[in-house]
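Go by the hints and put chains E and A onto chain R.
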Amino acid sequence: MNAAQLTAPAPDPLLYLDGVSVVFDGFKALNALSLIIDPGELRAIIGPNGAGKTTMMDVITGKTRPTEGVVRFRDHDLTKLDEASIANLGIGRKFQKPTMFDKLTVFENLELALKAPRGPLACLRWVLGGGDRARIEQTLEEVGLASRAHDLAGVLSHGQRQWLEIGMLLMQDPELLLVDEPVAGMTDQETEHTAALLVRIAGRRSVVVVEHDLEFVRALGSKVTVLCEGSMLSEGSIDHVQNDPRVIEVYLGR
Amino acid sequence: MSATLASPAPSGFGRMTLRLVLIGAVLILALLPVLNQMPTDSALHVSDFVVTVCGKWITYAVLALAIDLAWGYAGILSLGHGAFFALGGYAMGMHLMRLIGPRGVYGHPVLPDFMVFLGYQELPWYWLGFDHFPFAILMAMAVPGLLALVVGYLAFRSRITGVYLSIITQAMTYALMLAFFRNDMGFGGNNGFTDFKELLGMPLNTPNARSVLFYASLALLLGALWLCSAVTRSKLGRVLVAIRDAESRVRFLGYDVTQHKLFVFVLSAVLAGLAGALYVPQVGIINPGEFSPANSIEAVIWVAVGGRGTLLGALLGAFSVNALKTWLTTVAPDLWLFALGGLFVAVTLFLPRGLIGLFTKAPK
Amino acid sequence: MKRHLLGLCLALLLALPAAAQDRFASALAGLGEGFGQTAEVAERLGALGDPRAIPLLRALQDGTLRRTPAGAVLLPNGTDAATGQPADATGAEPVRINNRVRQVLRGALGRLQLISPDPAERLAAAEAVFRSPAPENVPLLQSALTQEREARIRAQLELALAASQLRADDAAAKRDAVARLGTAATTEARALLIEARAANPEIATAIDVSIAAIEQRLALRRVVETLFQGLSLGSVLLLAALGLAVTFGVMGVINMAHGEFVMLGAYATFVVQELCRGIPWLAPWSLPLAVPAAFLVTALAGAVLERGLIRHLYGRPLETLLMTFGVGMILQQAVRLAFGAQNREVVSPSWMQGTLMFPGGIAMTQNRLWIIVFGIFVLLLVVAAIRFTRFGLEMRAVVQNRRIAATMGIRTGRVDAMTFAFGSGLAGLAGVALSQIDNVSPNLGTGYIIDSFMVVVFGGVGSLAGTLVGALTLGVVNKVLEPYAGAVLAKVCVLVAIMLFIQRRPKGLFALKGRAAES
Chain R
115 MNAAQLTAPA PDPLLYLDGV SVVFDGFKAL NALSLIIDPG ELRAIIGPNG AGKTTMMDVI
175 TGKTRPTEGV VRFRDHDLTK LDEASIANLG IGRKFQKPTM FDKLTVFENL ELALKAPRGP
235 LACLRWVLGG GDRARIEQTL EEVGLASRAH DLAGVLSHGQ RQWLEIGMLL MQDPELLLVD
295 EPVAGMTDQE TEHTAALLVR IAGRRSVVVV EHDLEFVRAL GSKVTVLCEG SMLSEGSIDH
355 VQNDPRVIEV YLGR
Chain E
12 MSATLASPAP SGFGRMTLRL VLIGAVLILA LLPVLNQMPT DSALHVSDFV VTVCGKWITY
72 AVLALAIDLA WGYAGILSLG HGAFFALGGY AMGMHLMRLI GPRGVYGHPV LPDFMVFLGY
132 QELPWYWLGF DHFPFAILMA MAVPGLLALV VGYLAFRSRI TGVYLSIITQ AMTYALMLAF
192 FRNDMGFGGN NGFTDFKELL GMPLNTPNAR SVLFYASLAL LLGALWLCSA VTRSKLGRVL
252 VAIRDAESRV RFLGYDVTQH KLFVFVLSAV LAGLAGALYV PQVGIINPGE FSPANSIEAV
312 IWVAVGGRGT LLGALLGAFS VNALKTWLTT VAPDLWLFAL GGLFVAVTLF LPRGLIGLFT
372 KAPK
Chain A
1483 MKRHLLGLCL ALLLALPAAA QDRFASALAG LGEGFGQTAE VAERLGALGD PRAIPLLRAL
1543 QDGTLRRTPA GAVLLPNGTD AATGQPADAT GAEPVRINNR VRQVLRGALG RLQLISPDPA
1603 ERLAAAEAVF RSPAPENVPL LQSALTQERE ARIRAQLELA LAASQLRADD AAAKRDAVAR
1663 LGTAATTEAR ALLIEARAAN PEIATAIDVS IAAIEQRLAL RRVVETLFQG LSLGSVLLLA
1723 ALGLAVTFGV MGVINMAHGE FVMLGAYATF VVQELCRGIP WLAPWSLPLA VPAAFLVTAL
1783 AGAVLERGLI RHLYGRPLET LLMTFGVGMI LQQAVRLAFG AQNREVVSPS WMQGTLMFPG
1843 GIAMTQNRLW IIVFGIFVLL LVVAAIRFTR FGLEMRAVVQ NRRIAATMGI RTGRVDAMTF
1903 AFGSGLAGLA GVALSQIDNV SPNLGTGYII DSFMVVVFGG VGSLAGTLVG ALTLGVVNKV
1963 LEPYAGAVLA KVCVLVAIML FIQRRPKGLF ALKGRAAES
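Keeping their order, the protein sequence lines are chains R, E and A.
Just so we're aligned, residue 115 is where the first sequence starts under my numbering, counting upward by one.
Just so we're aligned, residue 12 is where the second sequence starts under my numbering, counting upward by one.
Just so we're aligned, residue 1483 is where the third sequence starts under my numbering, counting upward by one.
Treat the hints as calculated values from the structure; they're not laboratory data.
There could be a bad hint or two in this list.
[What the hints assert, rightly or not] Estimated spans, in silico, between C-beta atoms of each pair: (1) E:LEU346 - A:ALA1673: 58 to 68 Å; (2) E:GLY212 - A:ALA1979: 42 to 52 Å; (3) E:ARG244 - R:ASN357: 51 to 61 Å; (4) E:LEU369 - R:GLY244: 53 to 63 Å; (5) R:HIS272 - E:ARG244: 46 to 56 Å; (6) R:GLY244 - E:ALA36: 33 to 43 Å; (7) R:ARG179 - A:ASN1825: 46 to 56 Å; (8) R:LYS142 - A:ARG1986: 17 to 27 Å; (9) E:VAL161 - A:THR1669: 37 to 47 Å; (10) E:GLY212 - A:VAL1786: 55 to 65 Å; (11) E:ARG170 - A:ASN1825: 35 to 45 Å.
Note that beta-carbon positions come from the ideal geometry of N, C-alpha and C, so glycine has one too.
The following block holds chain R by itself, in its conformation from the complex (with noise of 0.2 Å):
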């Protein structure tokens, strides 16, 4: 039952569920989900629509409380914490659709995101040090978005948003990265750079993916993990998963 037990010797997991449910009334938006994430892990989290891929990432980021359940991210007990405090543990989210501040530019939005001080009064005396520009005009280069540094966010294309929200995560530096969807309304360049850029991270970070598009999740190379009816299905390499009678079976129909 307890998967902890099971995998026990590795190092200790960075963030960690167990027996996690979510009911919105009456209907069970997770299912006694356990995951365990170890330091540096990227994991891909696949599943059809429904499966509460979503809702997993609710519980972690403290925007949905779960009805029961460990959450554990190091030796903090999520369940307890705010959204603001759980992003300042250092967990960053990229949620489905792409959402920033329309009324910002594109250097503002990746300002805010930038790991400062967050109090009112911090941020009244902020001045922008020569250290933290570099940093910003390099994440610009990374994702793309040097030449539209000062227009404003809402101007930008889906795929544009898609980047300076992958690139406020990057500024957030976040031991974990919670990213969903990332690839979706992007070229099959752009796909495969944000693979390359994710794999790139994981070493350090540790990167949940929750994506759609198989190809992707293969350029990954990582483990997956398979979620229906808001539970695990199966865990694996893609090459298992895909093989999994049972995710055959979810996937292709009954």
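Quick look at chains E and A alone, frame taken from chain R:
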């Protein structure tokens, strides 16, 4: 929803012009008390009425700035800012009442007339200290600030936003209005405070006092403008805009939204309180009517008319709507409420960026 | 009513035995022959208990009683008091009285009026005797009690009897009185007992028992009456909030002009009343006629507002709030110019006036009772309209998924307009009810709008059950707090309490989950 004053978005030709107009307007305003001292037969003479009215409008402009800071930037549409303004006014009113001393109708050395009339034996404890000017000014900031802190904390912590927050703040000012109408509150009930005699040793209603109050208001306005512009130009200003447009996203970036909103809400309430404190000695009266929900919402419409989310817009709105009000209530008093109601409708439907939107380019 | 009583009284008079008539006539002897004699006659008449003495003594009191040189006593209408026949008035002089006579007269009249044919007079007499208790009243009160049928007068007579018995020297009678007072439930009875306690230490324990019994009953009555007032206020809030529950709760449109729609409904009631004034048989029914009229007027105003203005601001709630506030201002000023700023009076029809008395002395005013009934009626109407009509079905469909509803052929724009018109019409109905208990003035609505929003927020936006529970709770809590804190502070307390309550349940009592709750 126009580009902010602070944003590095390309500033159009219109914005520069506006800034020059603002500087010109401040200079002309600053001259008014001087022109008031000119001989009455001079062509440049300005009447007492004009000076007093402009002084009053300046305090309104500060209130508009305060509302704009909360609404235009942080998206907090408070329908209770009139309450902060009135509380500041009451703090100053209490000071002015204490300064009347034995010159009241009943000639009591300490108690204001209404307390003698209501049979008070001694000054209620919460009136103590108000004979000192610095204490009164401190209270004019602290009381609205504290109220904003408590109400804001309760509301923001529970993530009450949008119209719900508006309704709660409206209920707040309504409750205060009911409370201040009561005689046993010790704030003069229905009639409030009036018949003030002096302030800081100057008899009121003299040209001297008028110009001192006028310049104090102007200084407050410039100070408030500087402060608001510092806030909106800083990263805090950008966090506020971010909260206004996508509150929950800001949380996921690790910002404690409650703290930021609370900061700006309290700051805004303190500014409103100071504006009220300077308003009262210029108009010579404060009563519970100032708490009326309609007053607060009228102040919100100044900001909407001028253009929210721009500090210049708030000023423009406060002056233009009040100019219209002063003119229309003398020419055709029955029409004023139609005009005001019409403004609400016209601005929300046809001029979402306010008057300032006519001069500046819309962000694409 | 009066005619019947008169007939009854005539019958009684005819049935009086001749002997009594003689005694009445002979009791008159000596009237007007000096103050002492006159006082004695008044005393005798008072003890005799003949109703004919009432007009006579009253005329004596007013100085309109005359006496002929022959000794006949003439009533103001010129008839001989002894025979009841018209008499020769030549040389008749008014009978003069002094203070001593006046005093005797008051007592005698008071006792006589106990058997007056007019119930109001009997009640007043019983109250008068109660206020001046004396042992000699006891037999009179006892005999009056044997004849009295009306409960209210009986209660007052009992009280007066007990008061008089307590003044007597008879210990058994006193105990009896104390015990009977213990079954009453009035503050007067309690005051009487408390007064008697000091004077009669020997029966103090019995008195304490009776006082405790009275206090228990009084407390119960207070609870019931507070509850009634609370429910009545609650149903007013319910009426004002039901419309909001539809426009704000269901559609998510914040209409600050809702209070002005309530006001329009009240003015519609006023106009209907004025129109019916000229048609006598219709006049008592102007209020029921005003119900559909007010609904139609405000529903029409709502439809115009929604189609003309609000629909351009969908998805922008703060702008909608400001815009509708402006519309409210315009409506208020328009009504002020059309009808004047002063209060207009809407008269309650006679079948709604008066107070209903319930056992235990519980009083409920009829118009407030009717408003509770009306509130329930309107609530059922709303539930029925939403649950069981085609319109309700389309409305729910549009709220749940506008696009799909549109693809199914529902004209969403029309449904929006109708829903808003329906909610606004409900505001008009609230106006009809408010015209009965509040001043009809242009700012009638402003006093209720904030409370109604509080009801909706407290109860849970979009939930009719929440609106009902919210309204009744706020009404009752307001009325429960009022005696301790005063009306204004009670209101302030309730507002603060709601703010604190929202801390625990930001979505209100009956929280909706899902899409509707997100916005």
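Here is what the structure says about each hint:
For the pair LEU346 (chain E) and ALA1673 (chain A), the supplied restraint of 58 to 68 Å holds, since their beta-carbon distance comes to about 60 Å. At roughly 46 Å, the beta carbons of GLY212 (chain E) and ALA1979 (chain A) sit within the given window of 42 to 52 Å. The beta-carbon spacing between ARG244 (chain E) and ASN357 (chain R), approximately 59 Å, falls within the hinted interval of 51 to 61 Å. Restraint check, LEU369 (chain E) to GLY244 (chain R): a C-beta distance of roughly 40 Å breaks the suggested window 53 to 63 Å.
Between HIS272 (chain R) and ARG244 (chain E) the Cβ separation comes to about 31 Å, which falls outside the hinted range of 46 to 56 Å. As the Cβ distance of GLY244 (chain R) to ALA36 (chain E) is approximately 39 Å, the hint placing it in 33 to 43 Å holds. Distance hint check for ARG179 (chain R) and ASN1825 (chain A): the Cβ-Cβ separation is about 53 Å, which falls inside the suggested range of 46 to 56 Å. Restraint check, LYS142 (chain R) to ARG1986 (chain A): a C-beta distance of roughly 26 Å satisfies the suggested window 17 to 27 Å.
Checked against the hint of 37 to 47 Å, the C-beta distance between VAL161 (chain E) and THR1669 (chain A) comes to roughly 42 Å, which is consistent with it. Separation of GLY212 (chain E) from VAL1786 (chain A) is about 59 Å and conforms to the stated range, judged on CB atoms against 55 to 65 Å. Checked against the hint of 35 to 45 Å, the pair ARG170 (chain E) and ASN1825 (chain A) passes, with Cβ atoms roughly 43 Å apart.
When held up to the earlier numbered hints, the structure conflicts with 4, 5 and fits the remainder.
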